[in-house]
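So the chains spell out like this:
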Amino acid sequence: MKRLDDRGRIDHDHSFEFTYDGRTLTAHPGDTLASALLANGVDVIGTSVLMSRPRGVVTDNVTDPHAFAQVGTGSVTEPLMRMNEVEVFAGFEAEGRLHQGLLPTERESTRFEKRFAHCDVLVVGAGPAGLSAALAAADAGSRVILVDDHPHLGGALLGGEKLIDDKPATRWVADVEARLRANPDVTILTRTTAFNNGDQGAVALMERVTEHLPEAKRDGRALRRMWQVRTHELVVATGATERPLVFADNDRPGVMLAAGVRGFLHRFGLVPEKLVVFTACDDAYRTAIDLAGAGVDVQMVVDVRKDPQGSLIKRTRELGIEIRDNAAVIGTDGDADGVLTAVRVASLDGGVPEAIACDCLAVSGGWDPLFDLHLHVSGGSRWNRKLVGFVPDGSLPGIRVTGAAAGIFGTAGCRRDGHVVGLVAAEATGHGTTADGPAAPEGHDANEGPTADFVDVPGTERIHAFVDQHRDVALAGVDRALGSGIHHVEHVKRYTLVGTGTEQGRTAKVNAGRLTARHFGLDFAEVGISNARPLAQPMTFGSLAGRSLGVRFDPVRTTSIHPWHVAHGAIFEDVGQWKRPWFFPQGNEDMDAAVLRECAAVREGVGMMDASTLGKIDVKGKDAGEFLDRLYTGVMSSLKPGRARYGVMCKADGMVMDDGVVLRLADDHFMATTTTGGAAGVLDWMEDFLQTEWPYLDVWLTSVTEQWATVAVVGPKAREVMAVLAPELDVTQDAFKFMQLEDAVVAGIESRVARISFSGELAFEINVPMTYGLALWEAVFAAGQPFGITPYGTESMHVLRAEKGYFIVGQETDGTVTPLDLGLDWMIADKEFVGRRSLRRSDMLRDDRKQLVGILPVDSKDRLPEGAQLIDSAEYEIPVSMIGHVTSSYESSAMGRTFGLALVRNGRNRIGETIYAPLADRTVAVEIVDAVIFDQEGARRDG
Amino acid sequence: MFEIRCPYCGPRDEPEFKYGGQAHVAYPADPELLSDEEWARFLFVRDNSRGRYAERWNHAAGCRRWFNVIRDTGTHELVGSYRVGEQPEDAR
Ligand SMILES: [Zn+2]
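Going down the list, the sequences are from chains A and B.
With our numbering, the residue at position 619 of the first sequence is 619, and numbering never jumps.
With our numbering, the residue at position 15 of the second sequence is 958, and numbering never jumps.
Some hints could be false.
[To be verified] Here are the in silico distance ranges between beta carbons for each label pair:
1) A:698 with B:1005: 17 to 25 Å
2) A:869 with B:944: 42 to 50 Å
3) B:990 with A:771: 47 to 55 Å
4) A:190 with B:1005: 32 to 40 Å
5) B:1004 with A:696: 22 to 30 Å
6) B:981 with A:869: 31 to 39 Å
7) A:707 with B:962: 24 to 32 Å
8) B:1004 with A:698: 24 to 32 Å
9) A:179 with B:944: 28 to 36 Å
Source of the hints: derived by calculation from the structure; they are not laboratory data.
Glycine included, every Cβ here is placed at the ideal spot set by N, Cα and C.
Start from the sequences, fold in the hints, and give me the full structure.
This is the structure:
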């Protein structure tokens, strides 16, 4: 196309260079990538996805079926960016990738932001209807947010030469904008797309903040910002989109949508040499009139209708432009690159086609009102035969569709309707009344004739007559779908992929639906089109995520002792959100060597562990004991202050949910510990029962997980270390028994010490306020030096507890395991508790339920993989029935061999039997043993 | 994203809340009196109807209180909220 110096809203006085497909091109401030490519004569922007046909820019907006580019390079590259939305600047780089983009190769360094906003009235679309609505609502006193996806307000008024009150429409736009900007309760967001409408007025917007600026001018601001707006009233003034006509070679570069051609003239000063217009409606005549006015050689308007009337046709004729009615473009010709050179025009009654030379064919098949934001919340639509388009059907609370989106075409009609809608929306928010509001603007629109219900040119060649240019689906493809027995429009869509493209099939869906209806002789009003689902425009994941990445998405929790672990080379394991030391390798130790050393230290000397991450819930009130009795399988109310008891809780279905030790601190004060990962869920669970089932209980629950740091001192020499640390505390067995608590000063810190063991060894858990955790840890480490104290991590903890047959929630249990399956019959007290009734459901009483047992590989060096399945015989044929699986598997330093825990059908009655683990490379024989493999008599607990 | 009215805090965005399933399904007063079938019905069977539905929500990232909401499952209209102990007619 050619640039006219006196047309368009670009800055003709300045220009800059940018790069497309490695070529250096020139553009002006205000150019989009699409307009800049047209101005540089880049008629072919790429090739189509299936047939590799040359394709060019089709229109000036985001409905263009293939104007997509890869923008930027390196870590800031973004795929499938809309060429009509992307604004170019000096140094801008892009590549023509119309269908498949490239993902950035490294994490995006780009900044995306999010913000929240509330308003009375959100107006989406700043054309004549949206501007009128925003002004009426704002003048009535509502808080208004007005958004438009273009850099300038005005909508369709920017792409035409309309008059309002006998002045250019752009003067009216500027006047309304000035009045809105002067109102402090109005927020105007340009370059902003409303892409999702949720429930209760939750509308998501994407604002392109600095994307259109060169890097140097971005000043560290976000590239894009997502707004999550909660509005009382939503005004949908999103206009309408033009649809093409279907004929042979209608995808040739140079074949464009009529309003797009007009838009490129008025917005960017771009014109072709010779133009032909092909239309089924009056609106395309505006393109002929406007381009003729700009000096373009308008060869002909080809109209499928017979004898069209109306003021636009009259005006076209007055300009001396030939109008060929009852006729169609039946094909196009191109040059060596495939770019349009001529169209062939014939009467719809037959006859010899006539070739007409042109470099641009402006096509219009009619207009589709665009009201996705109404459809997103289950709003209906209906086919309007007069408009030959879908319009919104029914109304939804708080949502009003106006202007072309509602099927109202014509500037005066849009202004009137928008004004009324704005007043109604304001009234709904308690501002002004429709009765007393200012009168609607005057004015009348040109008399336009009806649009023809016309999709494809009869008898046209079908292989290259495209219905969906993005997906490369021509009439032949639709024929194939319909011929294969498909008769639902949703199935046609999935079979052909019509309407599923990156551009949401805006130019294809209605035509495809009409072809389907016609094929089956059905009324299109009943067939309908495929659903419109969010998002209204595709958005990149990066811009949706904003800054919610990494630790801002999922926080990392660490204990106050964490810096010591880091300084001493701990390897960490993620447990829920917590970082826990997994093991502390020394020298060149691998994990196995480190764990063997750590376990040996605990069994033979003394070890220390950071147990601060265990969940801790403070339970207070005079009914605290009764409350805990109802949730744990055991009795807690009988605990004496200063004593602790292990407990298990079930869900209502009887499956083990969590476990931990409950400490009684006073008559009306308990502290329940939970698993590290289960803490939040257990608190929620307790709160649920307390608030909804037993609100009459006097109980108060508080999470204190992060208030306490816990250091466990574990092993036969633990007592000697404690004696050094707390000289005033009597740690003898008679004075300080298992499951006893003592308040004491440990290393100069007021502490709560408990004799709790998760390893079977003599152990003291020292609890101090979290801020003292590191000081305590360092003191324990120093005091333990003469005894060879060894810090250990979660892996050693797991080995030590497994040797004792202690299960871990989430490792031995998976939501299908009851306390009985774990052999915890002794913990089921004779009283009601949540889930108890489930334990005598028939399925729980089956004797072939999987039960927790220990397993010893016959080859004592062979360590099974956790999760390995177990079967009955060494020889087997697939399929073979599985009788259980390995839940834990380790090497034990204490026993000098490998061992494991497993859930095995009827396992407790099969102790002593040999079963098999079939692995990819071998079959391992294992002996079933009691779950408690080490220290079965519990002799080590008291040191 | 719903806007849910917490009876204690007022209207807040959905991410502050946790869903709790159908309302008015009390834990049986004496589960031991129930047959296996009756118990299973309590455990596993809930209404899944179109239209107005009473359901539980917890203002998990707010006041942490449980309350009930009447929601139209067909239109996602949130008809009203009410406190534990109140009846659906009290929803507002
Ligand atoms: Zn609340």
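Holds or violated: the 24 to 32 Å window for the beta-carbon distance between residue 707 of chain A and residue 962 of chain B? Holds - the Cβ-Cβ distance for residue 707 of chain A and residue 962 of chain B, about 29 Å, lies within 24 to 32 Å.
The hint says 17 to 25 Å between residue 698 of chain A and residue 1005 of chain B; measuring C-beta to C-beta, is that right? Given about 24 Å between the Cβ atoms, the range holds.
Status of the given 31 to 39 Å range, CB of residue 869 of chain A versus CB of residue 981 of chain B: holds (36 Å)
Has the hinted range 42 to 50 Å been met by the Cβ atoms of residue 869 of chain A and residue 944 of chain B? At roughly 43 Å between Cβ atoms, residue 944 of chain B and residue 869 of chain A fall inside 42 to 50 Å, so the hint holds.
Using the Cβ atoms, figure out if residue 990 of chain B sits within 47 to 55 Å of residue 771 of chain A. holds (50 Å)
Between residue 179 of chain A and residue 944 of chain B, is the Cβ distance one that fits in 28 to 36 Å? holds (32 Å)
Determine whether the Cβ-Cβ distance between residue 1004 of chain B and residue 698 of chain A falls within the hinted range of 24 to 32 Å. holds (26 Å)
Could you tell me whether the CB distance from residue 1004 of chain B to residue 696 of chain A stays inside 22 to 30 Å? holds (27 Å)
Could you tell me whether the CB distance from residue 190 of chain A to residue 1005 of chain B stays inside 32 to 40 Å? Between residue 190 of chain A and residue 1005 of chain B, where Cβ atoms are some 35 Å apart, the hint holds.
The structure fails none of the hints (numbered hints given earlier).
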